[in-house]
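My request is simple: use the sequences and hints to build the entire structure.
There are 4 protein chains.
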Amino acid sequence: MKAVVYKGPFEVAVENVDDPRVEAPTDAVVRITSSCICGSDLHMYEGRTGAEPGIVFGHENQGVVEEVGPGVVRVKPGDRVNLPFNIGCGFCFNCERGYTGFCQTVNPGFAGGAYGYVSMGPYKGGQAERLRVPFADFNCLELPQGTEHEADFAMLSDIFPTGYHGAEMAGVRPGDTVAVFGAGPVGIMAAYSSLLRGASVVYSVDRVPERLAKAEEIGCVPIDFSKADPAGQIKDLRGGDGVMKGIDAVGYQAVGHGGGSGDTTEQPNAVLEGLIEVLNPTGRIGIPGLYVPADPGGVDEGAKEGRIALSFGRFFEKGLALGTGQCNVKQYNRYLRDLIVAGRARPSLVVSHEIGLDEAPAAYEKFDKRVDGYTKVVLHPAA
Amino acid sequence: MKAVVYKGPFEVAVENVDDPRVEAPTDAVVRITSSCICGSDLHMYEGRTGAEPGIVFGHENQGVVEEVGPGVVRVKPGDRVNLPFNIGCGFCFNCERGYTGFCQTVNPGFAGGAYGYVSMGPYKGGQAERLRVPFADFNCLELPQGTEHEADFAMLSDIFPTGYHGAEMAGVRPGDTVAVFGAGPVGIMAAYSSLLRGASVVYSVDRVPERLAKAEEIGCVPIDFSKADPAGQIKDLRGGDGVMKGIDAVGYQAVGHGGGSGDTTEQPNAVLEGLIEVLNPTGRIGIPGLYVPADPGGVDEGAKEGRIALSFGRFFEKGLALGTGQCNVKQYNRYLRDLIVAGRARPSLVVSHEIGLDEAPAAYEKFDKRVDGYTKVVLHPAA
Amino acid sequence: MKAVVYKGPFEVAVENVDDPRVEAPTDAVVRITSSCICGSDLHMYEGRTGAEPGIVFGHENQGVVEEVGPGVVRVKPGDRVNLPFNIGCGFCFNCERGYTGFCQTVNPGFAGGAYGYVSMGPYKGGQAERLRVPFADFNCLELPQGTEHEADFAMLSDIFPTGYHGAEMAGVRPGDTVAVFGAGPVGIMAAYSSLLRGASVVYSVDRVPERLAKAEEIGCVPIDFSKADPAGQIKDLRGGDGVMKGIDAVGYQAVGHGGGSGDTTEQPNAVLEGLIEVLNPTGRIGIPGLYVPADPGGVDEGAKEGRIALSFGRFFEKGLALGTGQCNVKQYNRYLRDLIVAGRARPSLVVSHEIGLDEAPAAYEKFDKRVDGYTKVVLHPAA
Amino acid sequence: MKAVVYKGPFEVAVENVDDPRVEAPTDAVVRITSSCICGSDLHMYEGRTGAEPGIVFGHENQGVVEEVGPGVVRVKPGDRVNLPFNIGCGFCFNCERGYTGFCQTVNPGFAGGAYGYVSMGPYKGGQAERLRVPFADFNCLELPQGTEHEADFAMLSDIFPTGYHGAEMAGVRPGDTVAVFGAGPVGIMAAYSSLLRGASVVYSVDRVPERLAKAEEIGCVPIDFSKADPAGQIKDLRGGDGVMKGIDAVGYQAVGHGGGSGDTTEQPNAVLEGLIEVLNPTGRIGIPGLYVPADPGGVDEGAKEGRIALSFGRFFEKGLALGTGQCNVKQYNRYLRDLIVAGRARPSLVVSHEIGLDEAPAAYEKFDKRVDGYTKVVLHPAA
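Protein chains in written order, with the numbering used here: chain H, 8 to 390; chain B, 8 to 390; chain Z, 8 to 390; chain S, 8 to 390.
Hint data in this document are derived by calculation from the structure and do not stem from the laboratory. Misleading hints may appear alongside valid ones.
Given that identical chains are not distinguished, each listed pair holds provided it fits within a single copy or across any two copies.
Unchecked claim - Keeping only pairs whose Cα atoms sit at most 20 Å apart, straight-line, the calculated EDC-like set for lysine to aspartate or glutamate is:
#1 Lys9 <-> Glu136
#2 Lys83 <-> Asp379
#3 Lys234 <-> Glu312
#4 Lys9 <-> Asp375
#5 Lys373 <-> Glu284
#6 Lys376 <-> Glu312
#7 Lys242 <-> Asp345
#8 Lys373 <-> Asp307
#9 Lys131 <-> Asp248
#10 Lys311 <-> Glu284
#11 Lys234 <-> Asp86
#12 Lys83 <-> Glu273
#13 Lys9 <-> Asp307
#14 Lys14 <-> Asp243
#15 Lys376 <-> Glu155
Quick caveat, the model's predicted, so the values are computed rather than measured.
Right, dumping it as structure tokens:
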């Protein structure tokens with residue numbers, strides 16, 4: 008079958024690879040109808056990880072079940088399913104408490120596994136015609152038969168629940184005030200989720216005009232941090248008051264606001280410091296944005312080793328709390344699916360391109376360069 | 008009346024000061040039967056804060072109501088009451104959600120007020136014969152009449168609920184595994200509270216033999232961090248496994264373990280790094296230990312400005328969460344009182360000395376020097 | 008001043024009564040700009056309670072502070088405020104845990120007090136030019152100055168938070184499926200709140216065409232129970248599946264569906280039985296609809312004594328849970344106010360009439376007879 | 008192999024039956040070391056259910072894994088495991104939210120399955136030498152190797168978590184006051200769990216002297232309801248105050264207190280009415296005690312159809328809440344196991360007899376007649 012294969016820094020190719028097959032009794036093989044390119048795929052693409060050439064990319068996968076092993080009892084060939092990016096077993100201590108992003112079974116020696124990602128276990132990615140799915144009964148989310156909402160449902164593998172996870176960790180509740188740093192796909196989904204949860208006001212902080220426009224379109228107040236300190240801008244709009252909840256949808260590659268000078272160099276603690284500044288005492292912060300234990304390209308020694316300097320005295324004085332980590336997709340995906348089915352959520356609003364598998368190499372290049380509006384690409388291998 | 012007055016670094020005196028009186032209709036005046044010396048009083052005593060001479064110390068207060076204003080309807084003269092160290096109004100946004108440690112009314116311009124403490128508002132302390140209590144109906148916790156459990160109840164003003172707050176923020180639940188860093192009075196109360204909440208195993212990390220002995224006495228596993236990396240010691244005891252919950256009862260004046268070399272110099276992030284290391288993925292950390300926004304005596308530039316460098320990449324990879332801040336005493340004090348009344352909690356186990364008001368200056372000196380076993384001193388002004 | 012005074016069954020009059028004044032230091036007097044007639048006022052109006060002639064009605068009050076006592080520190084004359092129907096002290100065991108509907112102070116011998124209601128304490132109602140407000144700092148919710156959103160804000164005293172309370176007790180979460188029995192003002196607010204909280208589908212069960220039309224207008228699926236068993240209708244629409252959450256916004260005066268025969272006689276357990284039938288196993292039920300301990304007009308001996316026969320075996324087999332009771336308005340009113348201010352909630356959609364105080368007697372009569380579309384009346388005494 | 012087989016009302020026999028074997032790839036076969044007789048086995052034994060002769064009893068099972076299917080990856084032959092009485096799949100909507108007592112997979116057409124119980128699916132019981140365990144990776148709880156704590160661990164299948172579930176549904180928290188109705192094995196475990204969770208006072212209500220003595224032994228206040236109204240007795244002890252939390256560990260076969268006359272005839276609502284009476288406003292009730300949808304032997308028409316008449320007006324006026332249903336054992340069993348391992352819980356305190364499989368028929372007879380102190384019997388088939 009054809010698949011998107013990593014060849015080395017800044018190079019992927021669509022090549023023939025072995026067909027996946029049922030290896031364990033609880034496996035399924037899924038024919039992929041949609042597989043998205045994720046911003047985190049670019050980390051590998053850019054050669055900033057330990058990913059070896061040969062890896063098949065793709066952790067945001069959706070399709071139709073073709074075959075199941077003899078230990079699979081719920082999922083049947085012909086079922087249309089969405090697959091969480093993280094793979095869980097369903098029976099380890101973490102999975103059974105709902106922390107499926109930290110499965111202790113699927114990636115021995117580490118808490119958590121995923122498709123097509125360096126260090127996340129031996130699982131091929133789904134930017135391909137077919138995909139092997141372990142523990143299929145646990146990992147397949149049933150979708151309504153047919154092709155409706157294909158792009159909306161495709162967001163259920165990762166970015167919609169990941170954004171929602173930010174809102175959940177921050178404890179966003181009806182009537183709440185929220186500041187979301189980052190208006191890329193995950194940031195938009197975090198803001199969108201905050202509004203779905205009933206927030207009264209959501210501030211969306213970014214510097215890219217198209218992103219800020221998208222944020223405004225979904226009902227947020229856009230804040231351009233390249234113009235001035237974003238916390239200050241928000242407080243000015245609120246008569247000096249801050250907000251109760253914050254979401255960091257940026258992570259370790261944050262850039263500073265440079266006092267509005269236009270000088271926005273990388274500053275790993277920029278978003279966290281902005282959140283500490285803009286939150287009111289007793290507030291909460293949800294951090295779905297990625298922080299890594301080692302970043303060879305970090306701006307200084309601390310950053311290289313994943314250390315971040317925080318105004319922790321300030322944080323404590325305000326009595327803040329924060330939650331972090333990969334989204335446990337299965338905690339949310341059924342509920343978010345039901346919102347899509349009911350017509351009350353339309354997460355595909357972040358999708359910029361829907362293309363065939365063969366166009367993947369060009370899409371990676373453009374997405375990496377952020378040209379031609381490449382924001383969120385959905386590949387349709389089986390289209 | 009007589010009161011403990013701050014005269015300047017390393018000097019307090021028992022002096023005559025003006026009697027407190029009912030100033031607002033919702034005030035009460037309480038005759039003090041017990042007022043404790045807190046470790047945080049030493050910050051002022053040592054001159055490491057902006058406290059001006061003349062301040063009356065004492066935020067852990069208990070006594071008998073002598074007089075109430077015309078707007079007080081619940082509390083009556085003769086009532087025996089314990090007073091939370093933080094003063095709340097009961098009707099601001101924070102108080103009404105239970106965040107009484109962040110009252111927006113009692114200390115204008117800041118979230119939170121307290122008795123006898125620098126920057127915490129214009130309230131005199133209770134290391135004195137009498138005390139004015141604002142919003143008396145909200146701030147007085149009723150105690151059974153008489154003198155029983157006097158020292159136990161005195162722990163309800165601060166250290167018992169503060170330790171409990173650590174366990175609450177960490178989400179300690181029955182069957183849980185917990186590491187508590189620090190075995191001073193608050194650390195012991197955090198460990199004790201974890202056991203009261205049903206933890207299966209609690210590790211208590213310190214280096215002072217008497218403290219470790221106390222921890223063992225209440226049922227903890229003592230870990231002497233001066234011997235070796237405490238996270239490593241705990242994991243060794245658990246066959247490589249970490250723990251699910253952690254409590255930092257130390258704060259910014261933490262010292263490193265020096266690889267067990269005996270060299271334990273100040274290292275503000277030592278406890279937080281130890282917790283990140285010892286926690287299992289999906290764990291939670293409660294931080295009642297104080298971190299300050301400015302510490303002129305800090306070990307480096309960051310510390311002076313209250314910045315702490317954390318292994319945040321590691322923290323994120325494990326999907327950890329943390330909560331911080333001053334304890335909201337009123338969230339817990341009724342329940343903890345009832346445990347004392349029922350004979351199921353005896354927090355006075357940390358009390359080392361019960362003395363008269365006149366002995367306060369000597370007690371401050373010895374407590375500050377940690378000599379003669381001065382751990383937790385209860386003054387009995389009206390005894 | 009003028010006020011709506013109860014004269015006896017089916018008779019109220021607008022009469023002159025004594026002006027309210029500051030009686031306790033913590034009191035305020037509020038000039039009433041809006042006071043609503045509530046369905047529960049009709050219980051008194053119809054003579055089905057022990058209300059004595061002379062009582063001034065009105066527990067849904069809003070206005071401008073005219074005067075405050077010397078113990079009031081937050082609220083000032085000129086402030087525009089909304090008043091929760093239940094009166095709290097702010098410092099009893101129930102109030103401090105947020106259960107302000109069960110205040111132990113304001114109505115001695117009973118948990119809970121209110122304005123202008125039989126057995127709810129000695130408090131005059133606000134269908135009048137002015138109102139005395141006890142514990143004013145605790146009970147006044149600040150509104151933006153001016154007159155904007157007057158009718159929306161007026162819903163904050165009772166029906167908006169009461170409907171929301173139903174959704175809260177049922178645990179309605181994003182993506183949830185909900186059945187709300189009753190589409191009167193509270194039922195509509197419960198359904199509206201469920202949607203604000205992110206429910207995917209809300210079924211609204213009633214038999215009055217105008218109510219069902221209103222439910223549909225706000226985005227619910229209307230279910231006419233007079234046509235057939237409502238649980239059956241909902242399951243048919245869902246391919247046999249039930250719903251996860253249910254809200255009873257009807258209470259003890261429920262009527263049965265009569266098998267769709269049109270015979271809908273009073274049957275106190277009709278709604279509860281319908282909910283038990285329509286809920287899926289592990290579901291939850293929130294019950295803001297009133298059940299009373301004694302109902303002299305009850306349909307049988309059990310009903311007269313407030314007993315209801317429930318299919319409790321069925322309830323247990325499904326593992327259901329339920330919550331009941333008067334809404335603790337202060338738990339929600341700030342958040343709901345902020346949704347109104349932000350333009351994200353418009354609860355006045357249930358208001359049918361806005362009139363002057365003098366028109367109250369006619370309005371009571373028509374509302375009681377359910378003629379001329381009288382659904383929710385807002386009186387504007389000071390207009 | 009040998010197994011306890013139901014022959015008809017009041018008759019069980021130890022007979023040879025077919026050996027269990029791995030039928031599905033995810034199955035295991037476990038050699039049983041302990042299997043308890045449960046009070047609910049007596050319902051079948053007494054012929055009060057639809058159980059057909061031939062059924063093998065036993066849903067409280069523990070043993071050593073002998074064989075696993077090819078789809079089992081965690082559990083291995085030789086592992087010592089405890090088995091929750093309810094069987095879950097791990098991947099249905101209910102299991103993945105933790106409601107493993109309501110699995111939608113294992114017992115088609117019904118939410119929930121169990122071993123050796125009528126209507127709970129086609130699963131043989133474990134009062135036998137061996138047992139087939141479906142979805143073995145999900146259903147096996149690992150125990151420390153060896154034989155230590157055998158009887159304590161055996162309580163993890165049902166009664167310890169079931170009692171704990173009562174405390175969880177009631178929301179018992181540190182410092183709480185609790186009334187537990189019923190001091191049989193589940194009631195004792197509910198009271199014991201309440202104390203483990205930090206309750207300050209637990210009242211244990213029963214009429215059997217041995218049970219009341221056991222309750223007192225674990226630290227409860229015993230209340231003999233045959234002497235007088237139990238709610239009144241508790242309030243008298245508390246100076247008129249009630250309690251905040253209640254647990255019904257009795258269920259539908261409750262008997263009334265007969266005003267202390269000694270006349271305690273069956274009255275299905277007796278315990279629920281007692282709880283409504285003794286709870287303070289805003290309290291919560293957890294109901295692990297069984298209520299059934301149909302009881303042919305019920306005392307009246309309502310009881311036969313599983314209807315219970317409740318003082319629902321009173322319940323509402325107090326703003327009470329309640330939760331019901333079979334325990335989801337997997338929510339708690341790991342944590343409770345860890346308390347046993349740590350020596351902090353010893354649930355075997357309720358065990359009255361440990362015997363061999365051959366003695367089962369005699370034990371059933373004596374347990375049913377409540378003679379010779381038969382309270383909780385553990386069979387050791389492989390001993």
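Do the hints match the structure? See the list:
1. Taking the closest pair of Cα atoms, Lys9 and Glu136 come within 20 Å of each other only inside a single copy of the chain (6 Å); across copies the shortest separation is 53 Å, beyond that limit.
2. Taking the shortest Cα distances, Lys83 and Asp379 never come within 20 Å of each other, neither inside one copy (40 Å) nor across copies (55 Å).
3. For the identical chains of this complex, Lys234 and Glu312 are neighbours neither inside a copy (31 Å) nor across copies (26 Å), given an alpha-carbon limit of 20 Å.
4. Proximity of Lys9 to Asp375 under the C-alpha cut-off of 20 Å is found in neither arrangement, the shortest distances being 22 Å within a copy and 68 Å between copies.
5. In this assembly of identical chains, the alpha carbons of Lys373 and Glu284 never lie at most 20 Å apart, being 35 Å within a copy and 40 Å across copies at closest.
6. With identical chains, the CA atoms of Lys376 and Glu312 are never at most 20 Å apart, being 27 Å at best within one copy and 38 Å at best between copies.
7. Taking the shortest Cα distances, Lys242 and Asp345 sit within 20 Å of each other only across copies (17 Å), while inside one copy they are farther apart (36 Å).
8. Neither within a single protomer nor between protomers do Lys373 and Asp307 lie at most 20 Å apart by alpha-carbon distance, with minima of 29 Å and 45 Å respectively.
9. In this assembly of identical chains, the alpha carbons of Lys131 and Asp248 never lie at most 20 Å apart, being 48 Å within a copy and 30 Å across copies at closest.
10. Taking the closest pair of Cα atoms, Lys311 and Glu284 come within 20 Å of each other only across two copies (18 Å); inside a single copy the shortest separation is 25 Å, beyond that limit.
11. When the C-alpha separation of Lys234 and Asp86 is checked against a cutoff of 20 Å, the pair qualifies neither within a copy, at 50 Å, nor between copies, at 37 Å.
12. Taking identical chains as interchangeable, the C-alpha atoms of Lys83 and Glu273 are never at most 20 Å apart, the minima being 48 Å within one chain and 49 Å between chains.
13. Taking the shortest Cα distances, Lys9 and Asp307 never come within 20 Å of each other, neither inside one copy (41 Å) nor across copies (56 Å).
14. In this homomeric assembly, Lys14 and Asp243 never come within 20 Å of each other (Cα to Cα): the closest approach is 49 Å inside a single copy and 42 Å across copies.
15. Taking the shortest Cα distances, Lys376 and Glu155 never come within 20 Å of each other, neither inside one copy (31 Å) nor across copies (49 Å).
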